[in-house]
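Kindly generate the complete structure, drawing on both the sequences and the hints.
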Amino acid sequence: MRFDSLIESVGRTPLVGLPRLSPSPDVRIWAKLEDRNPTGSIKDRPALWMIEQAEKDGVLTPGCTILEPTSGNTGISLAMSARLKGYKLICVMPENTSEERRQLLRMYGAEIISSPAAGGSNEAVRVAKGLAAEHPDWIMLYQYGNPANWRSHYESTGPEILDDLPTVTHFVAGLGTTGTLMGVGRYLREHKPDVKIVAAEPRYGELVYGLRNVDEGFIPEIYDESVLTTRYSVTSADALKRTRELLATEGIFAGISTGCALHAAIGMGRKAVQEGERADIVFVVADGGWKYLSTGAYEGTLDEAEDRLEGQLWA
Amino acid sequence: MAIEVRIPTILRTYTDGAKAVDASGATIEELIGDLEARHPGIKARLVENDKLRRFVNVYLNDEDVRFLGGLGTPVSDGDTVTVLPAVAGG
Numbered sequence: 001m002r003f004d005s006l007i008e009s010v011g012r013t014p015l016v017g018l019p020r021l022s023p024s025p026d027v028r029i030w031a032k033l034e035d036r037n038p039t040g041s042i043k044d045r046p047a048l049w050m051i052e053q054a055e056k057d058g059v060l061t062p063g064c065t066i067l068e069p070t071s072g073n074t075g076i077s078l079a080m081s082a083r084l085k086g087y088k089l090i091c092v093m094p095e096n097t098s099e100e101r102r103q104l105l106r107m108y109g110a111e112i113i114s115s116p117a118a119g120g121s122n123e124a125v126r127v128a129k130g131l132a133a134e135h136p137d138w139i140m141l142y143q144y145g146n147p148a149n150w151r152s153h154y155e156s157t158g159p160e161i162l163d164d165l166p167t168v169t170h171f172v173a174g175l176g177t178t179g180t181l182m183g184v185g186r187y188l189r190e191h192k193p194d195v196k197i198v199a200a201e202p203r204y205g206e207l208v209y210g211l212r213n214v215d216e217g218f219i220p221e222i223y224d225e226s227v228l229t230t231r232y233s234v235t236s237a238d239a240l241k242r243t244r245e246l247l248a249t250e251g252i253f254a255g256i257s258t259g260c261a262l263h264a265a266i267g268m269g270r271k272a273v274q275e276g277e278r279a280d281i282v283f284v285v286a287d288g289g290w291k292y293l294s295t296g297a298y299e300g301t302l303d304e305a306e307d308r309l310e311g312q313l314w315a
Numbered sequence: 001m002a003i004e005v006r007i008p009t010i011l012r013t014y015t016d017g018a019k020a021v022d023a024s025g026a027t028i029e030e031l032i033g034d035l036e037a038r039h040p041g042i043k044a045r046l047v048e049n050d051k052l053r054r055f056v057n058v059y060l061n062d063e064d065v066r067f068l069g070g071l072g073t074p075v076s077d078g079d080t081v082t083v084l085p086a087v088a089g090g
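Just so you know, the sequences run in chain order A and B.
No gaps in the numbering here: position 37 of the first sequence is 37 in UniProt numbering, and each next residue is one more.
No gaps in the numbering here: position 45 of the second sequence is 45 in UniProt numbering, and each next residue is one more.
No wet-lab data here; the hints were simulated from the structure.
All values reported here derive from a predicted model rather than from experimental measurement.
Just so you know, even glycine gets a beta-carbon here, dropped at the ideal spot from N, CA and C.
Heads up, a few of these hints could be off.
Which chain A residues face chain B? A few, computed with CB under 7 Å, are given here [as the list claims (entries may be wrong)]: (1) 129; (2) 206; (3) 230; (4) 232.
Covered stretches of chain B, going by a simulated chain A footprint (3 or more residues, C-beta under 8 Å) [what the hints assert, rightly or not]: (5) 5–16; (6) 47–56.
Listed below in C-alpha cells is the structure:
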C-alpha cells in the first residue's frame, strides 16, 4: 500500500477473526483493528473529516487555532493533522487522563489546558465551551456535536466492515462521543436492516460521575438513541479482564476501552449460541495498549490493576 | 422479593449515604415507587412526567432499561439495578 502522505493513509484497517474467543464456528467474533491508523487510534477518522469539512466550509484557514475538549485520542489525531496542515491546537483535557497522552500531545506541539478530574469529560466540555465563548477566533470542531464525526464512520469504517464481512450480524463499539456507533450503525442498517448495533459504555469509578446535579449531565448532541439496538454498561473490572484475555488468547495488545467493547461482544455471542443463531460479531479495537502502560492496567493481579484505575478516564 | 439498587454519589443524600439499597417490585416503575416509600424525594430525581429523566441512566444487570422496556421493564429477584448520571467520553 502506497500513500502520498500520512494523512492519506487513514482508514482501511484490517478486520481479523478471533478463532479462540469465538464461541462456535457459527458464532464468530471479529476485531476491527483501528489502532492501525496513523496516530494509533480510531479518532484519526473523525479528526480528519472534521478538519476537512471545516476547511471546505471556509471556517478553518491557515494559521487558525483549533480548540477541542478531548480525553486524549481525538486530541492526538487533531494534533498530527494540525501539525501537517499548519494549525495551532489547544486541547482541554481532564486531569485524570494518562501521562502518555499528554506527552504525545506536547510532542506534536499542542497546548493542553487541564479540566478538573471530578466530572471527567463533562467538565472538559464545559471548560472548552467557556473558552470558545471568550475567544471567538478559536475554532472548536466539537466532536460531540459535529456531524462530520459520525459521517467519517458512515463513509469509511462502515463500508470497510461490510466489504470485508458481508455476513455481519452485530456491530459493537465503545460509547464516547457516540460517533462510531452512529456512523457505522446508520450505514450497516441501510444495507442490513436486521443488524444489531450494540453500545458498550465504560462504567468508571465514582469520582468521574462527580457530585454535580443529575440535571447537569451530558449527552452528545450527535447521539440518536434509535440507531442502537441496545446499550451495556461495562465495569472497569470486566473491561480490564477482557483486555488481558484478548492479549492472552488472540495476541492483540489493546487499550482498555477495547476490553469494554469485547465484553459486550462476548455477551452477544453467548446470546446467539443460546438462541441457536448464526452470528458474525464485529467489535472495535479503538487503540493499542501503549498509551495506558503507566496506568498499571497490564501488571499484577486484576484487583490491583482495578484499584490503580480507580478515578482514571480509560476510554 | 429483593432487588439491589446501586445509588450514585449525588443521590446518596436520600439513602443516608448508602451505596446500595434493597427495593422490591415487578417492574422498574414499581421498584422506584418502593424506593420512594423508603427514601422520600428520590423518585423526583429519577423520573419526570412518567419517564426517566434525560440525564439519568438506569441499567438492569448492566443493560440500559431504555432499550428493554423503559420504566415498564420487568425485574425479578436477584437482579441488580444501577443508577448513573450521563457522562461524556471521547
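Status of each hint after checking the structure:
1. 129: Violated. Min distance 12 Å.
2. 206: 5 Å, holds
3. 230: With Cβ-Cβ at 4 Å, under 7 Å, it holds.
4. 232: 5 Å, holds
5. 5–16: Holds, because 4 residues of the region 5–16 of chain B bring their Cβ atoms closer than 8 Å to Cβ atoms of chain A.
6. 47–56: holds (count 4)
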